[in-house]
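Whole structure, please, built from the sequences with the hints as guidance.
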Amino acid sequence: MATKILTEHINVPGIETFDVYRKQGGYTAVEKAIKTMTPEAIVEEVKKAGVRGRGGAGFPMGMKWSFLAKPEGVPRYLVCNADESEPGTFKDHYLMKNLPHLLIEGMIISSFALGANKSFIYVRGELMYVIHILEKAIAEATAKGFLGKNILGSGYDLELIVQPGGGAYICGEETALLESLEGKRGNPRNKPPFPAVKGLYQSPTVVNNVESIATTAWIVNNGGDAYAAVGIGRSTGTKLISASGHINKPGVYEIELGVPVEDFIYADEWCGGIRPGHKFKALVAGGSSVPILPAHLALTLANGEKRLMSYESLSDGGFATGTMLGSGGFILFDETSCIVRNTWNFSRFYHHESCGQCSPCREGTGWMEKVLHRIEHGHGHQQDIDLLVDVAKKIEGNTICPLGDAAAWPVASAIRHFRDEFQWHIDHPTEATQPGAVYRGEMALV
Amino acid sequence: MTTETNKAVTFTPERVSKAQEIIARYPEGKQKSALLPLLHLLQEQEGWTSPEGMDYVARMLDIQPIEVYEVASFYTMYHLNPVGKHVIEYCRTGPCCLMGGEDVYAHLKQRLGIDTGQTTVDGRFTLKEVECLAACGMGPVFQIREKYYMHLTNERVDEIIDELSK
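Those sequence lines, one after another, are chains L and P. Going by my numbering, the letters in the first sequence line up with residues 20 to 465, in that order. Going by my numbering, the letters in the second sequence line up with residues 1177 to 1342, in that order.
Calculated directly from the structure, the hints in this document are not laboratory data. Among these hints, one or two may not hold up.
Unchecked claim - To spell it out: a stretch of chain L is covered by chain P in this simulated footprint if at least three of its residues, at any positions, have a beta carbon under 8 Å from a beta carbon of chain P; those stretches are:
#1 105-113
#2 142-156
As the list claims (entries may be wrong) - Here are a few chain P residues that sit away from chain L, every Cβ distance over 12 Å (derived from the structure):
#3 Val1185
#4 Thr1186
#5 Val1192
#6 Lys1206
#7 Glu1222
#8 Gln1286
#9 Ile1290
#10 Asp1298
#11 Arg1321
#12 Glu1331
#13 Arg1332
#14 Asp1334
#15 Leu1340
#16 Ser1341
Keep in mind the model is a prediction, meaning the values are calculated, not measured. Virtual Cβ for every residue (Gly too), placed ideally from N, Cα, C.
Written out as structure tokens, the structure is:
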């Protein structure tokens, strides 16, 4: 039986209510943390657990916590990033909708560990119904004495606020999120100073993803070492994977890190294979921003070994033959998918969502979209592929926040692995624009 | 920004107390943080984010009207023009398109007789496209107010439109 750290009780009827959640052992971690542990001891357990940021960046959470500045007389804040807007990623949505109390329990433990008395959950505004679920759960936890003044008689106070966003992908970037939370446009800030020193209202702030914060209840109950014993190498614990696209069983799955990618795609317990009568063509493994891989590279490393679901294995070989685990947004493509059309679709997304602050991103995402549009619509020029590679290179690494990289990688990787498809579109403008047209020349299908 | 009327906008008494409750959440002097929640409240009441409503929110938060306009125009959820009774926001991003979204949305447009960004003549439906609704495994998907409609097909779209047309 695989370890389930987050979703063990997710199918229990009524688990979204305080009483049922409590009956399943909920809030025992808050009791243990607040009554028997010091904040430093909790930070130590999280460090031992080795949890890496589940929003996509993969930065060790305990280390992020230990960077938090602690000047006297200045409030500190914990902000939960629940903006989840990356195409292919829908696990935080699933977690908050079904297990609101797990997130709230994690927020209480984390806020206590960080010395925050006011914490925020910034949820994308589209999920207004989830916001109501969270607000209801917060009211229940407050009524039971787990939130508010003098929690469990400990003298510790915590106010938890759910903040709705306004619909902008960029607000998932931590400093843009803080700007948005301050009532401004979601323009990312220059770093340094990092939020740990000057974050929300210029005060020391930690920003963590929903899934990362949700792990803390289990870590407090079972210990950091027990968490680190699950998973593989530096990819400790479990990960929620959002699986979508041409598979038999799309959905959200909690896996132990280290499972072979092939098993995850084909085993009945997870995706259940590519839809009947079709073959596996390509994979986006960590949400739309990470490099796309053709099927054979998605399943195996350059040395022929099986690729595993872990931060290290998925990035093996750098971007030449690897990708990133990112947010765990698995999008699977079968042979009916046109890589050019999909790349254009993603490019449109990044153009639309660029905040416009840095010229390489503001202008470059628009250029890439235009060039991809004309290739896809049968008006491509011979030099367009090289032009795209050139523009992508000029965006990557030249912007304040990683949205520039996120826009450049899908384009650069699609050309790296599927250049012949782009060339075919340019060479066969009339055929390529027919509905459902897909280049079937050099494809290696699995 | 078009202005449909020049009537002054004020919140209903219930929304005034809700707004005050929201403003009180934030630390002293940081009341601007209430801007996004208040704009949601405004749109919920008025159906759209009207200039008069934004001016009202600015007064309520003691900030300049331009600070409200620049924020409202940055985020996609605020309708800066009047919209129909039902705003259908469909996800046009990769995973939904992989599941046949493009065909379903073409059918939706044909059925309503409007293109993205337009409102039906009877004022019942407005069509907007959005970038990813975080329901990729259940695509194609669209949202009407707080409700998600998932696994859409042409037939399902017809049923939903029939239901909302009653």
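Outcome of the hint check:
1. 105-113: holds (count 7)
2. 142-156: Our answer is that it holds, as 7 residues pass the Cβ test (under 8 Å) against chain P, meeting three.
3. Val1185: Holds: least Cβ distance 19 Å, greater than 12 Å.
4. Thr1186: holds (21 Å)
5. Val1192: Its Cβ never comes within 12 Å of chain L, the nearest being 19 Å, so this holds.
6. Lys1206: violated (6 Å)
7. Glu1222: holds (16 Å)
8. Gln1286: Correct as stated: the minimum Cβ-Cβ distance to chain L is 15 Å, above 12 Å.
9. Ile1290: Answer for Ile1290(P): holds, closest chain L Cβ roughly 21 Å.
10. Asp1298: Since the minimum Cβ distance to chain L is about 26 Å, Asp1298(P) lies beyond 12 Å and the statement holds.
11. Arg1321: violated (8 Å)
12. Glu1331: holds (20 Å)
13. Arg1332: Holds, because the least Cβ-Cβ distance between Arg1332(P) and chain L comes to about 17 Å, which exceeds 12 Å.
14. Asp1334: Consistent with the label, Asp1334(P) stays out of reach of chain L, its closest Cβ about 21 Å off (over 12 Å).
15. Leu1340: holds (18 Å)
16. Ser1341: holds (23 Å)
Consistency with the previously given hints fails for numbers 6, 11, ordered from lowest to highest.
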